[in-house]
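*Asks:* With the sequences and hints as input, model every part of the structure.
Listed below are the residues making up each chain.
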Amino acid sequence: MVVVGRIKRGAYFDSVALMTVGRDVSARDGIADAAVVMGTDENRSILAASGLLLDEFNAAGDSDLLIAVKADDSAAAEAAVAAVLEQLERRAAPAGEVASFSPSSIEGAVELMPDANLVLISVAGRYAAREAWKALRGGLHVMLFSDNVSVDAEVALKRHAHERGLIVMGPDCGTAILGGTPLGFANAVRRGGIGIVAAAGTGLQEVSSIVSNEGEGISQALGTGGRDVTDAVGGITFLDAIDALAGDPGTRVLVLVSKPPDAGVLSAIERRVAAIDKPVVTMLIGADSPGPGAAATLEEAALRAVALARGEEPGSVADRLRRRDADLDVVAREQADRLEGGRRFVRGLMSGGTFCAEAQVILRGIEGGVSSNAPLSGARELDDPLASDGHTVVDLGADEFTVGRPHPMIDYSLRVKRLETEASDPETAVILLDVVLGYGSHADPASELAAVVGSAAESVAVVCSVTGTDRDPQNRSAVEAALAAAGAVVAPSNAAACILARKIAERRGE
Amino acid sequence: MRILSLGDRLERGHHALLARHERAANYGGPAGLLSVVTREVGAGPVNVVVTGGSVPEADSVRVGDGAVWIGGRRFGREAARVYVSDVRAPGIDAREPLALAGLDVLENVLRDEAPSRSMAFLLDAGRIGEFRTPFELRLARRLAAGARALCSGDVVSGARRLRGCGFGLTPSGDDFLCGVMTGLNAMDARGGGRFGASIREINTAAEGGDVMVRTFRDLAAAGRAHSSVRSLIRALERGDGEAIVEATRRLLAHGATSGADLAVGLALVLRFAPGWGARERPRVSFDGADTGDAAWSS
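Taken in sequence, the protein lines are chains R and P.
Those letters in the first sequence? Residues 336 to 845, per this note's numbering, in order.
Those letters in the second sequence? Residues -2 to 295, per this note's numbering, in order.
Since the hints were derived computationally from the structure, they do not count as laboratory data.
Glycine residues also receive a C-beta, built at the ideal position from the N, C-alpha and C atoms.
Among these hints, one or two may not hold up.
[Said to hold, decoys possible] Derived CB-CB ranges, DEER-like:
| # | chain 1 | residue 1 | chain 2 | residue 2 | range |
| --- | --- | --- | --- | --- | --- |
| 1 | R | A819 | P | G123 | 29 to 39 Å |
| 2 | P | G73 | R | Y462 | 26 to 36 Å |
| 3 | R | M336 | P | D5 | 47 to 57 Å |
| 4 | P | G238 | R | R465 | 20 to 30 Å |
| 5 | R | A491 | P | R9 | 42 to 52 Å |
| 6 | P | E54 | R | M448 | 15 to 25 Å |
*Replies:* Spelled out as structure tokens, the structure:
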């Protein structure tokens, strides 16, 4: 082992930046340990205890940054130190440069960019409505990433926007693609003629990614926030977004994605859709009566939209999915037959709320039923979200898991821990995972999951899907290959992963 | 731009720019730190709170008897309110049921909402999993060992282990110590002055650090605190659960983990310090979050 280090004099970074950089470098091949810390006496003493202290560090002061890397060989160590310096440079540069130009108010931002017509607001919920009002009064559309905005405020904002020909996406709108620009958690997709309106964030990501991977593209993808389709809000944004896409010459096919809207909103959507002369695919996740022609899964909605955009018969999609499901039978048999003992339950550890809902729909009717911390109709609510009960699908992005912590699409630590727990449960047959790529998501999810998936796959079937495209920063093909190499069965969509998980569990239950 | 409030511990004299961020510019002066901050950051003992959304680009700040000069621009002190930062009175008796109930609320918010890799792992052993590399784990164990020593009443040893320990501008251990001294000050008024000696011992044992760390530590030792900390102390005094939740959330927004680390120090000292000086020292365990020094000293 060799230890290599550097001192950066007078360099100030916040603790999360330093921990993140240190952790990233520790995960590199050939690196045994690494630390990036301020040079206080105590930190140097911990470096010494960790075998990371270099003589030169004794000359450092409290305001100096210490970088230490322990590696198999000096080449790996030097490369890691160089990577740390580059990451720190990247983190420092924007702060320094942007600080001079970064506006601290909407008014300031508009001064800098007078042509702007939309404001993305991501502030603490209690301040979000106030900022949204400022934007609307300035004639700007709003994407409200923040949550914890009251229903009353949401309704008032949306009514005001509607009356002025503006749109408020959100609150709690995590993703959109406007004019080819991904906003929030969105994927790098092709541009094309398919427009999406979604009250389900990861649903929008799944549909837009599948469309892009099939070779078609997205005109616009508008998020509404999940609460928009309740009767309390009245679907104001959902309906306005349908109108906008109906009138958009670049949109040839519409896809509408949502958890089941309240009755009044559903009727309004149906009336609006009936008046549109463009093909519309609907996917109302978990709806008791989704309506004729509605897609059963996000995957099917995307494939039907692709077929319609190409002028093909959408019925061909059903044939294609039937053939795919038959292939899954073979995989399910292989996976089920290699499991031992009483392993018979599916344990879904989902980062996307929409995927959690879709999993429950696909597992609906399975022997013993399904439990969830975010149960749809027909599922049981978990007594304790931290403990599985029979077939279980957990939304790890729910408030009880994310308050004060990064979302599980960013921080995999909670999921890794839960994955270990589920794998050690002798009744677990399948661990079901969604891996969501794109802007804002974890930069290298395979590195977080590979080891724990590899270990779990020795005793259970690990089935996952990867939502994203090869254009995403993470590269979907590379992530899929890494997960497959670790021992996971990688399905082409969340729906396919859920179907496969069900088939394995049912075979185990026979 | 105008000045909204001035901290009550601003030192007179010239202060030179140390670092400028979007919402705060820090200046070093003859007696320590002075920060020009936006309304979002809020009032503090050495803060000059200004309107306008961002802090001015000034290389220096001078504090005089009747005015404050930011860059070359004069602001009369009479137009600004003075923020009174004293947290010591009326004080908390952490043995009373009302205070204990409030403390439960504080600890629950910290368990649930403190940011990842803060010292909240001392309240929730499961959070030790947030520290993953060998160095991070060793650091966490060291923090736990220092906190354990301090909470059991060995304040000098604890403070020496905690000072300067952690990542970032103000290391976690120093933020924790600020919380500890703030908590001791809050208890001192109703404790007959029994914690004064401990506060002095901690501040002496923890000496060192850069101007920011030194200033915050000295202020905490003097019973002075930022408005969010003061709000939390006041809420704990009243046993007002909702106010405790709100103040803790506001405090958690400070820095990356600084607010959380301070709040954990505050919570633990309120929990354990009443037992100091008893015939038998409080037995302090963090439910598996620390394994003692022995395993980590080599």
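*Asks:* Now tell me if each hint is right for this structure.
*Replies:* Hints, one by one, checked against the model:
1. R/A819 x P/G123: 29 to 39 Å: With a Cβ separation near 31 Å, R/A819 and P/G123 satisfy 29 to 39 Å, so the hint holds.
2. P/G73 x R/Y462: 26 to 36 Å: For P/G73 and R/Y462 the Cβ distance comes to about 30 Å; the hint holds.
3. R/M336 x P/D5: 47 to 57 Å: 53 Å, holds
4. P/G238 x R/R465: 20 to 30 Å: This hint holds: roughly 26 Å between Cβ atoms.
5. R/A491 x P/R9: 42 to 52 Å: 49 Å, holds
6. P/E54 x R/M448: 15 to 25 Å: At roughly 21 Å between Cβ atoms, R/M448 and P/E54 fall inside 15 to 25 Å, so the hint holds.
In the structure shown, no violation is registered for any of the earlier numbered hints.
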